[in-house]
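The lines below spell out each chain.
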Amino acid sequence: MPSIAKPIATHPSLQRNELGLTIRDYEGAMSTLCAGCGHDSITAAIVRAFWELSTQPHMIAKLSGIGCSSKTPAYFVNGAHGFNSAHGRMPPIATGANAANRELTYIGVSGDGDSLSIGLGHMCHAIRRNLRMVYIIENNGVYGLTKGQFSASADVGSKSKKGEANRMAPIDPVMLGLSIGATFIARSFSGDKEQLVPILKAAVAHRGFALVDVISPCVTFNDHEGSTKSYLYTRQHELKATETDFVAPASEILAHIGQNGAVSVTMHDGSVLRFKGVPENYDPTDRSKVQTYLEEHQGKGEVVTGLLFVDETMPDLHEMNETVDVALTKVPYEKLCPGVEALDRFQEDFR
Amino acid sequence: MKPTDVHNPNYYHKVVDCQWACPAHTNVPEYIRLIAQGRYTDAYMLNRESNVFPAILGRTCDRPCEPACRRGRLDGKPVAICRLKRVAADLRDDISDRLPKIPSKKNGKRVALIGAGPASLTVANDLMPLGYEVVMFEKYDKPGGLMRTNIPAFRLPEAVLMDEINQILNMGVDIRYNTPIESMKALLAENFDAIFVGTGAPRGKELELPGRHDTNRIHIGIDWLESIAFGHTDSVGEKVLIIGVGNTSMDCCRSSCRLGGKDIKVMARRPRGFFKASPWELEDAEEENVEILVNHAPLRFVIENGKLIGMDFERLEWDKGAKKSTTIDTIFLPADDVILAIGQENSFPWIERDIGIEFDKWDMPTVDEKTMQCTREGIFFGGDAAWGPKNIIWAAEHGHQAAISIHNYCQGVPVTERLPQGTNLISQKMGLSEWSYHNDYNPAARQKMRHVDLVERFKRMNIEVELGFSAEQTAREVQRCLNCDIETDFTAARCIECDACIDVCPVQCLTIARDGEEDDLRKRLSAPAINLTQDLYVSAPLPQTARIMAKDEDLCVHCGLCAERCPTAAWDMQKFELLIPYAGRPVNIESCVLA
Ligand SMILES: Cc1cc2nc3c(=O)[nH]c(=O)nc-3n(C[C@H](O)[C@H](O)[C@H](O)COP(=O)(O)OP(=O)(O)OC[C@H]3O[C@@H](n4cnc5c(N)ncnc54)[C@H](O)[C@@H]3O)c2cc1C
Ligand SMILES: Cc1ncc(C[n+]2csc(CCOP(=O)(O)OP(=O)(O)O)c2C)c(N)n1
Ligand code: SF4
Ligand code: SF4
Ligand code: SF4
Ligand SMILES: [Mg+2]
Numbered sequence: 001m002p003s004i005a006k007p008i009a010t011h012p013s014l015q016r017n018e019l020g021l022t023i024r025d026y027e028g029a030m031s032t033l034c035a036g037c038g039h040d041s042i043t044a045a046i047v048r049a050f051w052e053l054s055t056q057p058h059m060i061a062k063l064s065g066i067g068c069s070s071k072t073p074a075y076f077v078n079g080a081h082g083f084n085s086a087h088g089r090m091p092p093i094a095t096g097a098n099a100a101n102r103e104l105t106y107i108g109v110s111g112d113g114d115s116l117s118i119g120l121g122h123m124c125h126a127i128r129r130n131l132r133m134v135y136i137i138e139n140n141g142v143y144g145l146t147k148g149q150f151s152a153s154a155d156v157g158s159k160s161k162k163g164e165a166n167r168m169a170p171i172d173p174v175m176l177g178l179s180i181g182a183t184f185i186a187r188s189f190s191g192d193k194e195q196l197v198p199i200l201k202a203a204v205a206h207r208g209f210a211l212v213d214v215i216s217p218c219v220t221f222n223d224h225e226g227s228t229k230s231y232l233y234t235r236q237h238e239l240k241a242t243e244t245d246f247v248a249p250a251s252e253i254l255a256h257i258g259q260n261g262a263v264s265v266t267m268h269d270g271s272v273l274r275f276k277g278v279p280e281n282y283d284p285t286d287r288s289k290v291q292t293y294l295e296e297h298q299g300k301g302e303v304v305t306g307l308l309f310v311d312e313t314m315p316d317l318h319e320m321n322e323t324v325d326v327a328l329t330k331v332p333y334e335k336l337c338p339g340v341e342a343l344d345r346f347q348e349d350f351r
Numbered sequence: 001m002k003p004t005d006v007h008n009p010n011y012y013h014k015v016v017d018c019q020w021a022c023p024a025h026t027n028v029p030e031y032i033r034l035i036a037q038g039r040y041t042d043a044y045m046l047n048r049e050s051n052v053f054p055a056i057l058g059r060t061c062d063r064p065c066e067p068a069c070r071r072g073r074l075d076g077k078p079v080a081i082c083r084l085k086r087v088a089a090d091l092r093d094d095i096s097d098r099l100p101k102i103p104s105k106k107n108g109k110r111v112a113l114i115g116a117g118p119a120s121l122t123v124a125n126d127l128m129p130l131g132y133e134v135v136m137f138e139k140y141d142k143p144g145g146l147m148r149t150n151i152p153a154f155r156l157p158e159a160v161l162m163d164e165i166n167q168i169l170n171m172g173v174d175i176r177y178n179t180p181i182e183s184m185k186a187l188l189a190e191n192f193d194a195i196f197v198g199t200g201a202p203r204g205k206e207l208e209l210p211g212r213h214d215t216n217r218i219h220i221g222i223d224w225l226e227s228i229a230f231g232h233t234d235s236v237g238e239k240v241l242i243i244g245v246g247n248t249s250m251d252c253c254r255s256s257c258r259l260g261g262k263d264i265k266v267m268a269r270r271p272r273g274f275f276k277a278s279p280w281e282l283e284d285a286e287e288e289n290v291e292i293l294v295n296h297a298p299l300r301f302v303i304e305n306g307k308l309i310g311m312d313f314e315r316l317e318w319d320k321g322a323k324k325s326t327t328i329d330t331i332f333l334p335a336d337d338v339i340l341a342i343g344q345e346n347s348f349p350w351i352e353r354d355i356g357i358e359f360d361k362w363d364m365p366t367v368d369e370k371t372m373q374c375t376r377e378g379i380f381f382g383g384d385a386a387w388g389p390k391n392i393i394w395a396a397e398h399g400h401q402a403a404i405s406i407h408n409y410c411q412g413v414p415v416t417e418r419l420p421q422g423t424n425l426i427s428q429k430m431g432l433s434e435w436s437y438h439n440d441y442n443p444a445a446r447q448k449m450r451h452v453d454l455v456e457r458f459k460r461m462n463i464e465v466e467l468g469f470s471a472e473q474t475a476r477e478v479q480r481c482l483n484c485d486i487e488t489d490f491t492a493a494r495c496i497e498c499d500a501c502i503d504v505c506p507v508q509c510l511t512i513a514r515d516g517e518e519d520d521l522r523k524r525l526s527a528p529a530i531n532l533t534q535d536l537y538v539s540a541p542l543p544q545t546a547r548i549m550a551k552d553e554d555l556c557v558h559c560g561l562c563a564e565r566c567p568t569a570a571w572d573m574q575k576f577e578l579l580i581p582y583a584g585r586p587v588n589i590e591s592c593v594l595a
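Here the protein sequences come in this chain order: E and L.
Using our numbering, the letters of the first sequence correspond one by one to residues 1 to 351.
Using our numbering, the letters of the second sequence correspond one by one to residues 1 to 595.
These are calculated hints, taken from the structure and not from any lab test.
A couple of the hints might just be wrong.
[Unchecked claim] Pairs of lysine to aspartate or glutamate, DMTMM-like flavour, derived with a Cα cap of 25 Å:
hint, chain 1, residue 1, chain 2, residue 2
1, L, Lys523, E, Glu243
2, L, Lys77, E, Asp25
3, E, Lys6, L, Glu497
4, E, Lys193, L, Asp519
5, E, Lys300, E, Glu225
Model the full assembly from the supplied sequences, consistent with the hints where possible.
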């Protein structure tokens, strides 16, 4: 725990976004995580992404479960709404909140333990519903908060701090997401904000469930030799499959599209994802090609990163259910709760 | 870029902006911390080491440190470094037992110092503890030079002045008052082992305009202030015009306020922003209702029936950079007295020109910048006598350097052999997130000096206007200092490139980037480098990616958060101590601690 809060002193050249806010206005409380934890870097990337997007802080809802990763919403966008749920229960809370108020930007921060063990079922169903939210898994291969037990994302053979190897097969959230219909899938690395920030911005623009798996080394329990989730291992094995620019709605797309069959995807809100230099035969909108590519490379021990898959055509939870298109708070009370008589009439239909 | 060598004393010294800017390299942050701890005597002694006259300077210093102070770049107002110095001086205990001991057995060398101003006094201060016999010749019957004769008592009380002068004279200086040196040749004949010329720049500049010599109501500023100091002048007419707007002018107009002047105008040729006076002196004068008239060029003194009645001025209009002017019209301003405060000059009528002391085309002696020696061996110059009017702190620094040269010279060591500075670098880590210094940033605003009220202060010439800081003001002001001497020290081999330090830095000092040339690197920093006078700290290649850590020193607030958030202690906060050599007290480089 740092001895002081971050000084209010700022660099004189600090820029302001469209709302007139500086990046410092998107910060949160001082982190209490271990010094050097990858999660803190992701926090910094989230701060930057929201600042660059000029998102209004009070239009953001931060949600999380339990874990070091799940503590991080306290460390960004002080002015946002927040809900720190029970272990693994962030997706249902997010579902409820989103159902009630579809106008907020939802960002869930979870861990590999929170999402792939206790919360796995909840996460899968949020994916299936295509709940509109950014869902970040801060993936360190361990339960950091409870002192470093292997999590469900630990690779076979990866060694614990004490030296024993994990023997259970890992759950790969990216492959899982592909197989159950996730509409936006990315993997990144906490140590690479140049890649992570545009991915987060794209995730915010996506009109469904945006799954962002971020390798985020646990500097205390899983950054040693033999770990496959350490800073060094990730750097040595990272393969950047795609490079993506996020082009906000109003701005022009200037740069040319590269060779290698690069693609651009227009998002629902008019923004554009520009894939520069994707590998041959790779199409980030073709689920099975992506799957094949990942199997091939991950089989070789490579950690494939980038915005890997996007499908902007699928309806989200609200579209599927044909709900009202505003937040429930905006629906007049008489309409929202039309009274006993209306209920009776409604129930009559079922008799 | 080449990795930064932080063991070169200049590197971190430059980061301590105030210390770097101080001619005598006073260790400002350390003395401010001592004041914060209530250790006023220690703070005073630390000051005295480098600047010799802390109580005097705490009131009068030109404070080149303040415009340089880092705090000014963050919230617009530098730390009140000078005022804090006065706090230490005002609240210190008796220091007599902490002054250097003077050997009763002398070293057999006799040194003559001409003038008893701050430059000569500093030489005496440095040489007396080494066993020299020091003879000081002074034209007047009192010591102090311009500090006594020109700095008015309402800025610098006599008691304060005498206390610090006596600290030195009481070391056993053989001071000869009322002894103007009228011939260098004659002095040379007395066979001193070395001579120091600290005679100042004693001549005020003239303004030869029609009428100048037709009245006795036109005064040369520095002579006029001197005659006030010696009690020869105790009144002035109601209407006073001061020509020129430098610091001397400020003292003249404020003295006029106390001697009966009612309508006092300071006449400036050029617009505001081009004045020579320090901003704080201008502020103090204007507080006393002195009027400053810009764009007025003196044309002639107007004398009627042998009596000065005023002056004619041309009113000017300047171009943008105030380089070219055009005359609009001519106006008359009435005056009972006119005081000329347009500058000072050196004059050495008493130095013969055939004794090996070379003078240049401006009739100034040729003095070596490092050794202070003139072209004749064994004769040294310092203070205003060396290169024209400067200030007290420069006089002190010249004195230190001259003392080193004199000591070398008398011991048969070449004067060009200068003593190297040293540095200690010591970790300030006390615990996981605990430092030996107060690392939090305090947003307090610069404290305003309290003044004696406007009626009271005019009652006598020697009522000190500035009251000094109250205990509360001191407590607030010390916390504004950013501890620029507690350096962020980096060990590349330890870094795992987790970005924690980059993310936590409040002023975006840090960048991990691919290496490059400085110009290119400066463009790729987390925050653009806006101050190119500040160095970039560049590390060796980092182990994992061979990128480098770069730090723009410009705005670092020395909060230590990078070091707190670093999991591997690649960053550490280390106190930089500059070890400054003085005459007979070289720095032992071998024993420097480099953590
Ligand atoms: C009006 C005014 C206000 C100032 N205010 C400030 C201020 O607020 N802060 C600041 O830092 N500086 C100030 N200065 C400048 C500062 O006073 C001088 O820079 C400083 O005193 C120079 O020190 P010195 O030792 O070189 O010479 P001086 O202080 O000029 O001392 C020279 C001494 O030598 C003596 N002397 C001269 N010739 C001979 C001789 N032939 N034989 C024997 N003795 C001789 C003189 O009587 C004098 O005592 C001010 C100057 C003026 C004119
Ligand atoms: C219901 C319940 N079961 C178990 C726990 C204990 N627990 C706390 S955090 C955690 C795992 C956290 O791992 P992860 O989500 O990967 O977060 P990290 O700390 O690694 O960021 C567990 C099992 C709990 N808090 N609640
Ligand atoms: S235990 Fe691991 S995951 Fe938790 S804060 Fe520390 S480094 Fe981060
Ligand atoms: S903040 Fe303190 S240490 Fe830094 S330059 Fe100013 S006075 Fe000196
Ligand atoms: S916090 Fe330490 S280990 Fe991490 S990047 Fe900074 S210096 Fe390197
Ligand atoms: Mg985890």
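Hint check:
With a C-alpha separation of about 23 Å, the suggested pairing of Lys523(L) with Glu243(E) holds against the 25 Å cut-off. Restraint check for Lys77(L) and Asp25(E): satisfied, since their Cα atoms lie roughly 24 Å apart, inside the 25 Å limit. Using a Cα cut-off of 25 Å, the hinted pair Lys6(E) and Glu497(L) holds, with the two alpha carbons roughly 21 Å apart. Restraint check for Lys193(E) and Asp519(L): satisfied, since their Cα atoms lie roughly 24 Å apart, inside the 25 Å limit.
Between Lys300(E) and Glu225(E), the direct Cα distance comes to roughly 19 Å. Compliance with the 25 Å bound is thereby established for this hinted pair.
When held up to the earlier numbered hints, the structure conflicts with none and fits them all.
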